[in-house]
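> Below are the chains, spelled out letter by letter.
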Amino acid sequence: ASQQLVGVVGLEVHAQINSNTKLFSGSPVRFSAPPNSLVSFFDASLPGTLPMLNRRCVEAAVMTGLALNCTINKKSYFDRKHYFYADLPAGYQITQQRKPIAVDGVLTYSYFGEKKRSQMIRKSVQIKQIQLEQDSGKSLHDDDRSQTLIDLNRAVGLMELVMEPEMKSGEEAAAAIRELQLILQALGTCQGNMSGQLRVDANVSVHRPGEPLGIRTEVKNINSIRYLARAIYEIQRQIDAVQSGRAVQNETRAYDSKSVPMREKEGLQDYFMPEPNLPALIVYEDNASLPTGIDPSQAVVVQKIKDRLPELPGVKRDRLVQTYGILPEHSFTLVNEDGLMEYFETLMKTTQREPRKVIGWVTNELLGHLKQRDMSVSQPISPAHLAELLKLQETGRISSSAAKQVFQEMWRSGGKTAWQIVQEQELGLVHDSAQLHSICQKVVDSHPDEVHAVRNGNKKVLNKLIGLVQKETKGRADPVLVKEILQ
Amino acid sequence: EFIRKLWEGLLVQSKPPLTSHFPFPAQIPPDLVDKLERLALVDFRTKQGLECLEKAIRFADQLHVVDTTGIEPMDSVLEDRALYLREDTAVDGGCAEELLKLSRKTVEEYFVVPPGNIPLPKKEERSSMLKHSEL
Chain A
1 ASQQLVGVVG LEVHAQINSN TKLFSGSPVR FSAPPNSLVS FFDASLPGTL PMLNRRCVEA
61 AVMTGLALNC TINKKSYFDR KHYFYADLPA GYQITQQRKP IAVDGVLTYS YFGEKKRSQM
121 IRKSVQIKQI QLEQDSGKSL HDDDRSQTLI DLNRAVGLME LVMEPEMKSG EEAAAAIREL
181 QLILQALGTC QGNMSGQLRV DANVSVHRPG EPLGIRTEVK NINSIRYLAR AIYEIQRQID
241 AVQSGRAVQN ETRAYDSKSV PMREKEGLQD YFMPEPNLPA LIVYEDNASL PTGIDPSQAV
301 VVQKIKDRLP ELPGVKRDRL VQTYGILPEH SFTLVNEDGL MEYFETLMKT TQREPRKVIG
361 WVTNELLGHL KQRDMSVSQP ISPAHLAELL KLQETGRISS SAAKQVFQEM WRSGGKTAWQ
421 IVQEQELGLV HDSAQLHSIC QKVVDSHPDE VHAVRNGNKK VLNKLIGLVQ KETKGRADPV
481 LVKEILQ
Chain B
1 EFIRKLWEGL LVQSKPPLTS HFPFPAQIPP DLVDKLERLA LVDFRTKQGL ECLEKAIRFA
61 DQLHVVDTTG IEPMDSVLED RALYLREDTA VDGGCAEELL KLSRKTVEEY FVVPPGNIPL
121 PKKEERSSML KHSEL
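In the order they appear, the protein sequences are chains A and B. Each residue of the first sequence is one higher than the one before, starting from 1 at the first, in the UniProt record's numbering. Each residue of the second sequence is one higher than the one before, starting from 1 at the first, in the UniProt record's numbering.
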């Protein structure tokens, strides 16, 4: 009976389809265009206008479905979902309730374990369905003047993805959404920006394993992956509530500073009804299954879309591991950070060094600096400049500690090459044996006890002497040469 | 096919249809009347109004008599038509000026509406609001 309470998270994702025009009208789609500048009579729901489905949106949904291992329904239907809200002037949203375009998929994702940071945990979540639907307009609430401003530009195509409540923590939910984001971006079906293009709602509840799910709350308006992991602090809130004997209320909690009036849902009688203006949407398996009289350029053919599927993140990671012999967790970091994989691959083309030597520079030094400064990969140090630095280190012109120093300096100076910095700051290794001889002599002369110990066979003390020489030279002495001289 | 079968089924029924095959006459509970009134924005809770609704339901009840076994239900009368798919090329939009002219109130290029949801009137409020709209 004293079994631990665990969290259960289900996600609902609305992904804006990356298309030139809207789902049901020929108005253009453009992010942050002036209000109502991209609105047609249909978008404003004037009487007598009819929906005309955008083929690109259908293909995007099919492609996304295929990438998520869904079954594509050859026949799907549109429905009207009724609610009365000013940014939905028709009084209903056209969606796919009875039979959506894609069902029964699975999304596989990985994340770094909580206890062992280097250990990757691999999980998967079922995708219940992907449905095509029309986005509503946007409301801006002006509380001071007690009015709402309406912009109807946003009536673009959406893919609503429903994930089964199979995740247990915020980390899992965050990792699943990051993987979905990477997949959508690879496909080009959604740009995946979480401040509008990819909107996530979470259903959160707690229960004891084996028992029915607890009462759930909805967390809406989660607008970044970081917030997603945090919004699911809701799990802890509920566990605390249940343990202290309080009940969890079925409610909607907006992850938003301002209060958003919730939509009033009407009863079942007229909430959904079939869309009378759109016949069933038919897609075909391959060209051979096209009935006569159907224009092949008009039809959506699943096989053709399958052939066009690009390299997905999972395949990219496997390829990186195979090609460069790096660890899976490295490939994970490379693919998950915007532009880092491209950076690494460009670098590998310009450098002669072992991938396993290079990867640390990219995933530790470079990424560390980027994260510290909240910057993107494209900005500070070009792959060519880093390749030059790596070459200086490889050929013994600088020590590995100096290399890190040069790297810092390259970052600060913006645009200076590694060699320029090495020369300006005299960071190069000292290979001049005469110079090193005199420094070594000085160290030996001033430390007779240590020299005596070495002579008596204590090899460990030799390292201390080498350290002293390095201190004299600020770490720039060629360690191999110093050892030889001292011996 | 479904419609044809239904139509034939109705034609062969004697007139008036055999009500013995009908389901039991529908009872309309008061809260359902209330809900329908709210959704339809029509007030019909008079004796006459309820009789009219009951007759309408009874009329539709004859559909239950038609044998439709083995026939796939229809979703739309357009179901044998191909859904036309549009090219993803911008050909519309840019009607802001004309559309905003239709709005009673605008601010810059926005339509202005009252804040939030306006809930449908409650039963008590409605009786005074709709007293002139008796059936």
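Honestly, the hints are just simulated from the structure, not real lab data. Be aware that one or more of the hints could be misleading.
What the hints assert, rightly or not - Subject to a maximum C-alpha distance of 30 angstroms in a straight line, what follows is the list of computed BS3-like cross-link-like pairs (lysine-lysine): (1) K55/B to K442/A; (2) K464/A to K416/A; (3) K471/A to K416/A; (4) K138/A to K101/B; (5) K81/A to K55/B; (6) K35/B to K220/A.
> Can you confirm whether the C-alpha distance between K55/B and K442/A stays at or below 30 angstroms?
Not OK: K55/B and K442/A at ~115 angstroms, beyond 30 angstroms, violated.
> Checking one constraint from the list: CA of K81/A to CA of K55/B, max 30 angstroms. Satisfied?
Holds, at roughly 29 angstroms.
> Is K464/A close enough to K416/A, meaning Cα to Cα at most 30 angstroms?
Answer violated: K464/A to K416/A is near 35 angstroms, above 30 angstroms.
> For the pair supplied as a hint, K35/B and K220/A, confirm whether the alpha-carbon distance does not exceed 30 angstroms.
At roughly 29 angstroms apart (the allowed maximum being 30 angstroms), K220/A and K35/B satisfy the hint.
> Given the hinted pair K138/A and K101/B, is their Cα-Cα distance within 30 angstroms?
Holds, because 19 angstroms separates the two Cα atoms, which is no more than 30 angstroms.
> For the pair supplied as a hint, K471/A and K416/A, confirm whether the alpha-carbon distance does not exceed 30 angstroms.
holds, 27 angstroms
In the structure shown, a violation is registered for the earlier hints numbered 1, 2, in ascending order.
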